[in-house]
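**Q** Letter by letter, the chains look like this.
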Amino acid sequence: MRESLGVYDYWAYDQRPKIEWPGGAKVAFWVAPNIEYYELDPPQNPQRSPWPHPHPSVPGYSIRDYGNRVGHQRQMALLEKYGIRGSVSLSVALCEHHPEIIQMCKERDWEFFSHGIYNTRYTYGLSEDQERAMIRDSMETIHRHTGQACAGYLAPALSHSERTLDLFAEVGEELFGDKGGLYTCDLFHDDQPTPISVRSGKRFISMPYSLEMNDTIVYAVNKVEPRQYSTMLKRHFDRLYAEGAESGTVMCIPTHNYQVSCPHRIKAFEEALEYITGHPDVWVATGREIADYYLANYYDAALDSMAAQAATAGKQG
Amino acid sequence: MALNDDYLDYPLRRHGYDHERYAWSMLSERPPVTWPEGKTLAVWINISLQFYPLNQRGKPFKVPNGMTMPYPDLRHFSLRDYGNRVGIYRVLKALAAHNITPTFAINAQLAEQTPYLVQRLKEHGGEFIAHGWNMDHLHYGGQPIEEEAELVKRSVETLRRVTGQPVRGWLSPAKHQSFNTPDLLAENGIAYCADWVNDDMPYVCSTTEGSLSMMPLATEIEDQFVMSQNLHSEDSWVTQVKDAFDFLLEESREQGGRLFALNLHPWLVGQPHRIACLEEVLAHISGHPEVWQAPAGEILDAFHAATEQT
Numbered sequence: 001m002r003e004s005l006g007v008y009d010y011w012a013y014d015q016r017p018k019i020e021w022p023g024g025a026k027v028a029f030w031v032a033p034n035i036e037y038y039e040l041d042p043p044q045n046p047q048r049s050p051w052p053h054p055h056p057s058v059p060g061y062s063i064r065d066y067g068n069r070v071g072h073q074r075q076m077a078l079l080e081k082y083g084i085r086g087s088v089s090l091s092v093a094l095c096e097h098h099p100e101i102i103q104m105c106k107e108r109d110w111e112f113f114s115h116g117i118y119n120t121r122y123t124y125g126l127s128e129d130q131e132r133a134m135i136r137d138s139m140e141t142i143h144r145h146t147g148q149a150c151a152g153y154l155a156p157a158l159s160h161s162e163r164t165l166d167l168f169a170e171v172g173e174e175l176f177g178d179k180g181g182l183y184t185c186d187l188f189h190d191d192q193p194t195p196i197s198v199r200s201g202k203r204f205i206s207m208p209y210s211l212e213m214n215d216t217i218v219y220a221v222n223k224v225e226p227r228q229y230s231t232m233l234k235r236h237f238d239r240l241y242a243e244g245a246e247s248g249t250v251m252c253i254p255t256h257n258y259q260v261s262c263p264h265r266i267k268a269f270e271e272a273l274e275y276i277t278g279h280p281d282v283w284v285a286t287g288r289e290i291a292d293y294y295l296a297n298y299y300d301a302a303l304d305s306m307a308a309q310a311a312t313a314g315k316q317g
Numbered sequence: 001m002a003l004n005d006d007y008l009d010y011p012l013r014r015h016g017y018d019h020e021r022y023a024w025s026m027l028s029e030r031p032p033v034t035w036p037e038g039k040t041l042a043v044w045i046n047i048s049l050q051f052y053p054l055n056q057r058g059k060p061f062k063v064p065n066g067m068t069m070p071y072p073d074l075r076h077f078s079l080r081d082y083g084n085r086v087g088i089y090r091v092l093k094a095l096a097a098h099n100i101t102p103t104f105a106i107n108a109q110l111a112e113q114t115p116y117l118v119q120r121l122k123e124h125g126g127e128f129i130a131h132g133w134n135m136d137h138l139h140y141g142g143q144p145i146e147e148e149a150e151l152v153k154r155s156v157e158t159l160r161r162v163t164g165q166p167v168r169g170w171l172s173p174a175k176h177q178s179f180n181t182p183d184l185l186a187e188n189g190i191a192y193c194a195d196w197v198n199d200d201m202p203y204v205c206s207t208t209e210g211s212l213s214m215m216p217l218a219t220e221i222e223d224q225f226v227m228s229q230n231l232h233s234e235d236s237w238v239t240q241v242k243d244a245f246d247f248l249l250e251e252s253r254e255q256g257g258r259l260f261a262l263n264l265h266p267w268l269v270g271q272p273h274r275i276a277c278l279e280e281v282l283a284h285i286s287g288h289p290e291v292w293q294a295p296a297g298e299i300l301d302a303f304h305a306a307t308e309q310t
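Residue numbers (this note's numbering), protein chains in the order written: chain A, 1 to 317; chain B, 1 to 310.
Just so you know, these hints were derived from the structure itself, not from any lab.
Values in this document were obtained by computation on a predicted structure and should not be read as measured data.
Quick reminder that beta carbons are idealized off the backbone N, C-alpha and C, glycines included.
Not one of these hints is a red herring.
List of simulated lysine to aspartate or glutamate pairs, EDC-like, C-alpha gap at most 16 Å: (1) A:K267 - B:D243; (2) A:K179 - A:E140; (3) A:K202 - A:E173; (4) A:K223 - B:E234; (5) A:K267 - B:E250; (6) B:K59 - B:E147; (7) A:K18 - A:E243; (8) A:K202 - A:E170; (9) A:K267 - B:D246; (10) A:K179 - A:D292; (11) B:K93 - B:E279; (12) B:K175 - B:E148.
Facing chain B, from chain A, some residues (calculated, C-beta under 10 Å): (13) N45; (14) P46; (15) H53; (16) P59; (17) Y61; (18) S62; (19) R64; (20) H97; (21) E100; (22) I117; (23) G125; (24) Y219; (25) Q228; (26) H264; (27) R265; (28) K267.
Far from chain B, by Cβ distances over 10 Å, these chain A residues were calculated: (29) E3; (30) E80; (31) G83; (32) H145.
Isolated chain A, as found in the complex (with noise of 0.2 Å):
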């Protein structure tokens, strides 16, 4: 086990390089819904436990069958009513068991990025050949069902190895050259996207994805009243918007369809959406769009000044 994890160095908010998002946005916004498969029986993992009671965890399992079965017609119409193309954060599983839902992202044009074959399989334990093989599995079921190249990774049930972020870098690399394997949404270490060193040297960045405005923490962990969450994400989103003027942020809403899609939320899911996509300097966009233009435009002076921050402080010290 190590001390820090060691993928990235410390870079300072305010002393960065200007981003100027396309149109001159201020705030790069992405929808991320997490479109996920619980097994009702699956093997235990000695790390995690599934669920926390014997199976079949009838609640627990329902509740996530009703967002597919129901909540992700509301939240799809939803997102489309407000101009917002999806990027899903995928267990690619549902590419087997449910692809009508899959086809109907695929006809708005969504983006499907991997987030592990179930849920209920965690990467604690993996061998680095099996966790390799597990996302490799991944991406090229997306690709398979979509013709997607994937382009991002939050682990399965944000369960990480050391050699989580080098392996799905690689991979991408492997399978699809430059046009896969480009960013993570596993680290929650920034409000911009930032490098990402990874062992292949692989140009790889970290994507703000935001725990902080993730549902699921925020109704099942942090048990937030659902017009708070409302308040919330538009205090979230005003802080970047008038940030973004100095340098463009990125604000994700990172969803899940039982989750937000409930009768009782989702009017204060809908305030939200249309209070940010009322705003003018609003780049409205997909991981892979935002990381596509990152990479082309500022990852090379983000590194640039990574470095010369770090030399500053050595003179200094």
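Following the hints, complete the assembly by docking chain B onto the known chain A.
**A** Just chain B now, kept in the frame of chain A:
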């Protein structure tokens, strides 16, 4: 040491589900259903009447809202008992004021031990559904099937005997099941189960004893879930229930019949400082021309009648 490679085997990665209980189907893709008299939103008000034993075993887990303190946990025991002595009568009054015919999910042991309560519920009118034996007799994976079979049979038969009703519905304590529960329910003549919260309409599942209908009783707007588990305020609960109702009413106008199911616990919502919140909720959901309020069994019958026609 790494996991065995079979951790990455997925034998049930296939179209539909990783089980055979019911068919995969998206709500918005199904033919629209209309409730009797052209109504679009069916409203099911469920009153859960529960007995939480003082000598809780907590097997295989401690039920939410059960005993938490060292034995004897008099505070939680008597606070839950409050619902059956005091809270229920406030709730019944509120229901009567809005002409609501409720569904009573009652632990069989409670029904057997408090015939006066059952008598009053019968006089008020409503449908009784089985709610297991008590809140410390859970149905769970790994439970010996003989033990669960006896539990289901005893619960259903007791409730039929003391209420004189056919008892067609079932709500498991804590909505928890074993892999055998649906089969055992069907075996005991149960027509529908409320445990699976995966839809806003009834649907049919299969068992070894023929079909069993699922009547999803939403957890997320339950009084106990919002106020006791999430610790949201009473006012927030009112807002959440109204928002849910308004949304489903609107969706039912646009897309066809929907089910609004509200589960209530007299030990919680029957408290003096909360009962006005229930009254506000009931006032909000009453008086809409599109709303059809009925007990769960009637809603299910109407669903089958409507879907068999289409």
